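Novice: One letter stands for each residue in the lines below.
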Amino acid sequence: MNKYRILIVDDEKNVCDFLEEFLKYKGYSALKASSGDEALHSIKEKGTDLILLDLLMPGMSGLEVLENVRKLYPDLPVIILTGVKDKRMVDDTLNLGADDYICKPIDLDVLEKSISNSLQRK
Amino acid sequence: MVTAKWFLPDQKFTDRTATLFDGIRDLFKDLLNVKIEFEHFKDGQTVQELLSGVKNGITFVTLYESIYLETSHKFIPLFKIKTSLHNGVLAIPEESDVKHLCDLVGKKILIHQGMDLTCINPVIAYLVKNCEIVIAPKSFLAYTDSDFQIDQLLKNDFAAILSKTFNYHLLAENSSQKLKIIGQFPVESEFIAIAASGFNIGKVHNELENWCKKQNQDHLASGFIFAPIEKSDNTLLIEAIEGLGYNTKNFIEQYSSQIIKAITDTQIEEIKTLSEKYNGLQVFNEKLINMYKEIRDSRDRLYKEIDTATDNLIVFLKDGTIIGISRGFINWVHQSRQDIIGKNIADFISPNMNKSFRELIQQVDYGLIKSFGVRLVKDGGESNPAKIDFAMIELQDSKIILGIINKKITKGI
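Residue numbers (the working numbering), protein chains in the order written: chain A, 6 to 127; chain B, 20 to 432.
Treat the hints as calculated values from the structure; they're not laboratory data. Among these hints, one or two may not hold up.
[Claimed, not checked] Distance condition first, Cα-Cα at most 25 Å in a straight line; then the derived SDA-like pairs of lysine to any residue:
| hint | chain 1 | residue 1 | chain 2 | residue 2 |
| --- | --- | --- | --- | --- |
| 1 | B | K126 | B | Q196 |
| 2 | A | K109 | B | F409 |
| 3 | A | K118 | B | R394 |
| 4 | A | K109 | B | A410 |
| 5 | B | K389 | A | Y30 |
| 6 | B | K197 | B | A214 |
| 7 | A | K18 | B | K374 |
| 8 | B | K323 | B | K418 |
| 9 | B | K406 | A | K49 |
| 10 | A | K109 | B | L421 |
| 11 | A | K29 | B | S369 |
| 12 | A | K118 | B | N253 |
| 13 | A | K31 | B | K418 |
| 14 | B | K54 | B | I248 |
| 15 | A | K31 | B | N253 |
| 16 | B | K389 | A | D80 |
| 17 | A | K18 | B | L129 |
| 18 | B | K174 | B | Q196 |
| 19 | B | K337 | B | N373 |
| 20 | A | K29 | B | D384 |
| 21 | A | K90 | B | S369 |
| 22 | B | K389 | A | E50 |
| 23 | B | K406 | A | C21 |
| 24 | A | K31 | A | D54 |
| 25 | A | K118 | B | K406 |
| 26 | B | K374 | A | S121 |
| 27 | A | K49 | A | S66 |
| 28 | A | K90 | B | P404 |
| 29 | A | K29 | A | D80 |
| 30 | A | K8 | A | K118 |
| 31 | B | K118 | B | I100 |
| 32 | B | K406 | A | D105 |
[Claimed, not checked] Which chain B residues stay away from chain A? Per the calculated CB distances, all over 10 Å, these:
| hint | residue |
| --- | --- |
| 33 | S71 |
| 34 | N266 |
| 35 | D319 |
| 36 | K323 |
| 37 | G339 |
| 38 | M372 |
| 39 | L387 |
| 40 | I388 |
Keep in mind that this is a model prediction, so the values were computed, not measured. Virtual Cβ for every residue (Gly too), placed ideally from N, Cα, C.
The task is simple: from the sequences and hints, build the whole structure.
Specialist: Here is the structure:
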């Protein structure tokens with residue numbers, strides 16, 4: 006069984022809890038962060054193999070987190086998980102180096118495949 | 020028995036007004052032993068012309084005409100009829116030495132919204148012409164900002180407040196104690212029954228006063244208010260008319276038609292507005308009915324579409340109760356529609372996660388997920404993997420969930 010560690014970054018507790026259970030069911034190890042600051046701190050202290058990142062969060066936005074991650078950890082896969090369905094936002098995040106952009110509501114099969122593909126590319 | 024002619028305008032009256040006139044006729048007969056004969060008159064005649072040569076003549080006039088006819092021609096006001104009790108009231112601080120309108124000239128007056136500044140009312144016209152008018156942002160003296168306004172009045176920011184008696188009486192006692200009323204005057208239509216000076220009515224006044232009080236209690240004609248003439252105090256009106264540079268006669272000559280026209284226009288406007296409102300309500304009702312029909316029809320169409328679909332579709336409530344299934348789903352589970360409807364979806368579908376189906380549907384409702392893998396369970400316990408896409412459908416009063424079972428995955432079933 007793989008034991009990749011995945012960091013879920015979302016200010017909504019329900020989202021973090023649900024995705025944590027889903028990832029654990031799929032054999033991953035899951036960490037949670039409810040803000041950008043907490044996410045960067047967690048990566049530094051505990052490390053992670055992939056980030057599931059929400060865009061709209063209070064304080065540091067998902068885009069800012071992505072910029073920081075790209076500077077500090079250029080090879081760390083980041084999948085954007087957001088309710089924002091805006092083409093310009095998709096382009097911006099992909100240009101900043103996001104590996105995938107998945108809109109909520111999520112197709113769990115799609116999410117699982119995206120995680121798997123991103124980790125294989127790592 | 021004395022016979023009197025009562026002159027009425029040459030127009031059709033509503034049932035309510037006709038009832039009023041019948042009541043007046045009965046009153047004169049029973050109470051005063053006077054037989055009333057109603058007669059219509061044509062426009063263009065003055066009251067003096069109308070009643071001259073008639074032994075006992077009575078008619079309705081406007082308030083201003085009545086003031087003039089009473090003072091200049093000794094006509095006898097009998098009683099008045101008005102359509103509401105909303106008189107204008109001019110309030111000043113208790114300590115103020117203002118006694119007449121002329122004491123307010125050049126001073127700042129607060130007038131509440133709702134006082135019709137465009138009506139031909141001499142008191143309002145006088146204040147507008149001679150004072151600095153400030154319109155209160157709130158309509159009613161008695162509402163939350165009343166203390167603030169009264170404080171302003173007491174601090175001499177304003178010399179007087181013009182409001183309506185209705186609002187004034189709603190003031191808290193500790194507020195009203197700080198004020199006094201310089202005078203009241205009618206701001207809405209008011210008509211005076213006036214008799215020619217030669218009409219010998221003896222003790223009619225006292226009888227009429229009692230009758231007016233009784234009518235107000237009994238509401239003879241809903242919407243009309245009777246008031247005895249004795250209690251009228253027209254000093255404020257007369258001072259205002261004279262202050263505007265008129266005597267009562269030429270004020271009436273200049274404005275009488277406009278007074279009548281203003282009232283008529285108001286009434287016409289009200290009727291027109293009512294008609295528009297009624298039409299608007301009808302259109303709204305029709306829209307509601309059509310919307311309801313559309314919802315009902317679309318719900319019926321939805322169920323029909325689902326029933327006949329060859330795809331594997333299932334419709335259920337948030338608690339999992341199945342309320343609709345497609346033919347494709349029936350063919351797959353090998354059970355009758357009656358056996359499936361009403362059962363819980365968990366009897367047929369098991370999620371590919373260690374979460375209950377209900378918990379996953381909560382996440383669908385929350386908007387987090389739209390699709391997940393399941394195992395479809397047949398009656399005999401056989402199961403196959405599948406994937407279901409879910410869509411929440413909001414109906415008029417509830418939510419239903421449509422599950423579309425992915426055909427590619429179920430192809431092998």
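Novice: List, from low to high, the hint numbers that the structure doesn't satisfy.
Specialist: 6, 9, 12, 13, 15, 16, 17, 21, 22, 28, 31, 38, 39 and 40
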